[in-house]
Every structure is written in C-alpha cells, then in structure tokens.
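Make a model of the complete structure from these sequences and hints.
There are 2 protein chains.
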Amino acid sequence: MTRQAFHTAGIVGLGVIGASLGMAIKNSCPDIRVWGKDKDESMRSQALEMGVIDDWLDPEQLADCDLLILCTPLEFMQDVLEDLLPQLRPGTVISDVGSVKGPVMKLFRDMLPGGIHYIGGHPLAGSEKGGLLAADAFLFENAAYVLTPSDSCPHEVLASLSELIKAIGARVVIMSPREHDDLVARVSHVPHLIASVLMHQLQDEGDLSMAGGGLRDMTRIAASDVSLWTNILLFNQPAVLEALHNTQQHLESFIRALKQQDKEELTFLLEQAGERRRQMPRSRACLDDAADLVAIIPDRPGTLGLVTTILGEAGINIHDIQIMSVRDEDEGTIRITVAPEQAPKALLLLKSQGITAWARMI
Amino acid sequence: MTRQAFHTAGIVGLGVIGASLGMAIKNSCPDIRVWGKDKDESMRSQALEMGVIDDWLDPEQLADCDLLILCTPLEFMQDVLEDLLPQLRPGTVISDVGSVKGPVMKLFRDMLPGGIHYIGGHPLAGSEKGGLLAADAFLFENAAYVLTPSDSCPHEVLASLSELIKAIGARVVIMSPREHDDLVARVSHVPHLIASVLMHQLQDEGDLSMAGGGLRDMTRIAASDVSLWTNILLFNQPAVLEALHNTQQHLESFIRALKQQDKEELTFLLEQAGERRRQMPRSRACLDDAADLVAIIPDRPGTLGLVTTILGEAGINIHDIQIMSVRDEDEGTIRITVAPEQAPKALLLLKSQGITAWARMI
Chain W
275 MTRQAFHTAG IVGLGVIGAS LGMAIKNSCP DIRVWGKDKD ESMRSQALEM
325 GVIDDWLDPE QLADCDLLIL CTPLEFMQDV LEDLLPQLRP GTVISDVGSV
375 KGPVMKLFRD MLPGGIHYIG GHPLAGSEKG GLLAADAFLF ENAAYVLTPS
425 DSCPHEVLAS LSELIKAIGA RVVIMSPREH DDLVARVSHV PHLIASVLMH
475 QLQDEGDLSM AGGGLRDMTR IAASDVSLWT NILLFNQPAV LEALHNTQQH
525 LESFIRALKQ QDKEELTFLL EQAGERRRQM PRSRACLDDA ADLVAIIPDR
575 PGTLGLVTTI LGEAGINIHD IQIMSVRDED EGTIRITVAP EQAPKALLLL
625 KSQGITAWAR MI
Chain F
275 MTRQAFHTAG IVGLGVIGAS LGMAIKNSCP DIRVWGKDKD ESMRSQALEM
325 GVIDDWLDPE QLADCDLLIL CTPLEFMQDV LEDLLPQLRP GTVISDVGSV
375 KGPVMKLFRD MLPGGIHYIG GHPLAGSEKG GLLAADAFLF ENAAYVLTPS
425 DSCPHEVLAS LSELIKAIGA RVVIMSPREH DDLVARVSHV PHLIASVLMH
475 QLQDEGDLSM AGGGLRDMTR IAASDVSLWT NILLFNQPAV LEALHNTQQH
525 LESFIRALKQ QDKEELTFLL EQAGERRRQM PRSRACLDDA ADLVAIIPDR
575 PGTLGLVTTI LGEAGINIHD IQIMSVRDED EGTIRITVAP EQAPKALLLL
625 KSQGITAWAR MI
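Those sequence lines, one after another, are chains W and F.
Letter by letter, the first sequence follows residues 275 to 636 of the working numbering.
Letter by letter, the second sequence follows residues 275 to 636 of the working numbering.
Quick caveat, the hints were computed from the structure, so don't treat them as lab data.
It is possible that part of the hints are untrue.
The list cannot tell twin chains apart, which means a pair is met if one copy fits it or any two copies do.
Simulated pairs of lysine to aspartate or glutamate, EDC-like, Cα-Cα distance not exceeding 20 Å [unchecked claim]:
| # | residue 1 | residue 2 |
| --- | --- | --- |
| 1 | LYS537 | GLU516 |
| 2 | LYS313 | GLU430 |
| 3 | LYS300 | ASP353 |
| 4 | LYS533 | GLU349 |
| 5 | LYS625 | GLU587 |
| 6 | LYS533 | GLU516 |
| 7 | LYS313 | GLU516 |
| 8 | LYS380 | ASP357 |
| 9 | LYS403 | ASP314 |
| 10 | LYS313 | GLU479 |
| 11 | LYS313 | GLU587 |
| 12 | LYS440 | ASP384 |
| 13 | LYS403 | ASP384 |
These figures come from a predicted structure and were not determined experimentally.
Structure below.
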C-alpha cells in the first residue's frame, strides 16, 4: 500500500470547527501547508493573526489542494460544492465535518466526478460558542472523529486521512453513514433537543434565577446556533424521530414507577442510569488516572501564580485546574488535578505554605 | 424588632451540604461556634482537620445550640428528630437543608413542641459528589437559599437566620413549602430524572465512547446518589409528576414540528429555548462582567505558574481559569477570565512572553 501524504490542505468555512481544524493541522503537521477561506472575507486578517491558516485560499489554489475539507453548515454544502467543482482536479480528496453523513454522502456521490475521492467526516467535538474566535487548536484531542468512506475510495486515501486525524489527536472511528446518523441521533441530536425541552418546561424568570449547576449544565447547549441545529435535526429527521420515540418510552417507565410509588423500580432505573454514566470514558484520556486536590486560597492577584509556581518548581505537572467558587476580593476554592503519585507531595507543599488543602477522590 | 444573633450552631449530618455549611459559617462568622456530628463517628478527625467544625456535637451540647441545622437525607429526618427531641430546649431554632419542603414542614409541625421555632431551608447548591471530602467552603456563594418559615415563627428568628445565610454568600429567597416544591420539581427534579432517561436511551458502550461535551454535561447528575434521589422524587411525587407531564407536552411539540418537517416551527421552538437560556443568570455574580482570554501554552510543569505569576505581578486578578484542552507533555489551551478593563493589558503581557493568545467574547 502506497502511503499518500497530503502536502496542502484547504479549509472552506472558518467557523469554530474549520478554524480549530486549521490550527490543529498547522500545529501537528508543520509540513502541510494550510489554506483556508470563508465567505466572510473580513475574517482573513484575524485568521492569519490567530495562526488558523498559512494563507487565504484563493480560487486558483484549489487545484493545488491535495485535501479539501468543507466546514460549512449542512444547508450550504451543495452551493459551496457547486462553486468549487470547476476548479477541482482529479486526485483531490474531499471531506467535510457535517453532523449528518447520509445526505452529505449522497451529495458527494451525485455531484463529484470520478477521480475525486470523497470521505465523509465528523469530529465529535465542538462548542456551544461558534465562530473563528472560539477556535481551539486542541479541540480534537481525544475526541472521536468519524469517517464514512465511499465504496469507491481507495484504501490508501482513507489511510492518509486517518493518519492526519490521528496526528491532530483525535480517535478515528470508521462507520457507515447510516450507523453514524443513528448514533449521533442518540448521543447528540436527542440530547440537544431535550436541552431545549428543559428550557421550555421552566415557568418564568423566577425559575431561571433558581437554576443550579445541574440545570445550567443540562441546558448549556440550548443556547447554540438555532439555524445550524434546525438543519441538523431536519437533515437527520428519521433517525432523530426514532431515537426520540425510544426516549419517550424510557421517560414513560420513570413516570410509571413514580406514579405507582414503586421505590424498588425507581431505584433500579436510577441505578442503571448511574452505572452507565460511570462507564462513560472521561473526556481526556490523560486524566483517566488522576488525583484531585482541593485548596482554599485567597482570591488576590498573584496567589494562583504562587500555588502553580510552587507545584511547577517541584516538577509537579498540573493536568487540570478549576476555580470552584470564589468570593470577590476574598478567598476561593480551587481544584487541582495531578498524577496520583504526585498528589501526596503536592498536598505537603500546599500545606507548607499555610494553605488549607485536601485530596479528593475522582 | 430585636435582632437575635446565634452564638452556637449545631450541624447534624456531615455530608457535602452539612460539611460545606459548617466550613462556610466558620469562615464567614468567626463569632459563631460550630458544632457538628454525623452518625458515622469516624468522620470526627477528618471534619476537625478540614476545619468543617469547631467541635464534635455531643448530646449534652444540644441544649446549648441556638441553631440546629439538620443536614441528613429526607428519609432519616424523622428518626434524627426523634433522637434529638429530648435534649432540645425552648428557644432553639431548627432548620434543615432537605430538597423537598412540604413533608419536612409537616414533620416539624407534628413533632416539635411549642417554643422551638422552625424554618425549613434548602440551599440550591450541591455537587454530584457526596460526602465530607467534597465539602466546599464557598459552595453557597451566590446560590439561592430558600427559606420556608412556619406561620408561628417569630419575625426576628427569620431575620437572624436570613442574616446568617447572607453572611455565607447566598441569596435568601422566602417562599411557601408548596411554591418551593413546585419550583424544584421544574428546576431540579425533572432535569435530574431526564439526565437518567438520556442515559437509558443510549444503546451500548459504543454510544458511551462517542459522548461529546454536551451529552457528558447533560448526564453528569445521573451519577448522583441513587437512594438520596429516589427519596427526593418520591417525597415530591405530585409536583414532579405534574412537571413531567408538562415536559412531555413540550417534547411532543418538538416531535410534531420535526415529523411535519415544519422548519419555521422548529426554528421558533429552538429560538425560544435559546433566548430563555441566555436570560439565565450566570452562576457567579462577579463574572457578570468579564472577559475571556484564550492562550496556547506548553503543558510543562511550571508554565501555568509562569502565566499566572506574570498576570498576578501586574495586579491582574484571575477570576476563573480553565484548561480547555491538553495534550499530555505537549501544548495546551487555557482560558483565563479577567475584568474587561484588564483584558488588553493581560493580552499584551502574554504576547510579550511569546505566548499565542487572543480575547474571546463571553
């Protein structure tokens, strides 16, 4: 098998996914030249300054792209493809990052001439924040990245794209468009719709002001881009409806147990859900084995620096840090995640500075 | 109105809420002596070391408590109260932190003799992590703390308890038990149950491994203490069933729009949800006006210290910091939240160290 490496990659659409992809490729594969463009020309200077792309992608460079990744919303995909088509040369590999794969694969199949290879793509990473400024070079770290290759796609082309995706830190998962669309209905589209339903069932501003962390986290994605999501749900309508039907039935089971005050059944249902949740892999592989330290520190300029410097100078790498709660101009609680074998030493160091701290299991 | 201050407070039950409450009172009201106990005697030394309480609460001290806060799960409340009752003296104020107020107020009304004042309480703060080690002195900062005073409770007693709650940083909200129970059904109990339903509608381990941030956040609370939640749902059964019925109807509206491929209606429903979500107050008041900086830094021991020290030395207070993504032993992206007026200076400082950074709207 000949390995076909990409020397040039073009990114069409510099929203949060496209821009993050540009940053990630530039970062992980310095040998690949990254061109990018957006229908909004005003993004050009910002994209260059942020290091999202090496150069703006002009039409005459399209023929020089080994790989073209369409990062535009689903409903514009056809128009964008029609626009690009005249400039493409045989041998180019086309991929996309659309959230529904069936319709995109049909579009590629119907529109692309022979000789242009296509592989559907969908990184399961994102943000409720959109746009260039929300870009993150490490968005794809440990994220699943689904590829749906066409039947006619040469094996070495799939291998090259897989290699690139692994290079930016993602896990390649290969499946059929149908499998993918059913899966994202369950793990993404139904949750999204449910987040909106949860907002609808709230009564008024009084309810909003009483929202705790749970409700807040559960409805965060309800504030996502409406047009994007309307299209995702409609493009994946059959799979979403099926998954919603299934969701309704599970909801009915809970309601039945509650109506009958069936404590045993309710316990069973909650336990099953909890067990499954605990089996969900943590989002960052490197945190699989980690220890949490909690410390109370004064919330004054420099204190965070003191704490992190003390640990850093002792060779202790902070995997994660979170300001759990804070009182303005007063003390705050922080959570610091370190490797388990470094936790006792870190704890001693913090205590030696007069900082109240303890270890917490995760 | 005479202000009745509390000199001594007893906390019964040192789970995450009780222990956090102890820490918070000790922290904010150094004049109040905090006693605490748990049926698990082995917690004694850890609770003292963590600064959760001043002393273990022995039965003979009960008569000396001006304020007693029951922080035990709902189903044990009656037993605990029976246990305490013989030692209580008239004038003592009793409160609790139970998630359902109707049944607790009935218990207090039925069991407590005249002269012992009672006010139901419920801080809308918590954690899916339970137990003493999850305690956080600042858990109640800006959290809503509902009080449901009894009809017979003197005004000055309510004023004293309100004052204490404000001192630990929470917002006092006074309502009737019925209003409270209806409200928490919507903002807490239905979301909790829905998180479990979402776990049930997933198909297998394959689904779990593909979970992105949205699903992860939406199902976090599905891993909470099952026995605690079974009881909360059963204690608040009528209100939860009503709220669930309402939730089902909103879900039906979404399903109808999707079935009919009614793009306009689907857009409208998602927009309404999004608008409402954006009206939800941020969890920390002090962050209402803040700027986010995103920086790419090498993930090596000490780098975080360098960044935070640079900003600290320049008098820039970091309100929040989050490691957005990280590649083990490689670079990572961090988000730093500062006051908007300090953002340009902070950005310049980071750039002067050769760190790629930009500002992001929040």
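Which numbered hints turn out to be false for this structure? 2, 3, 7, 10, 11, 12 and 13
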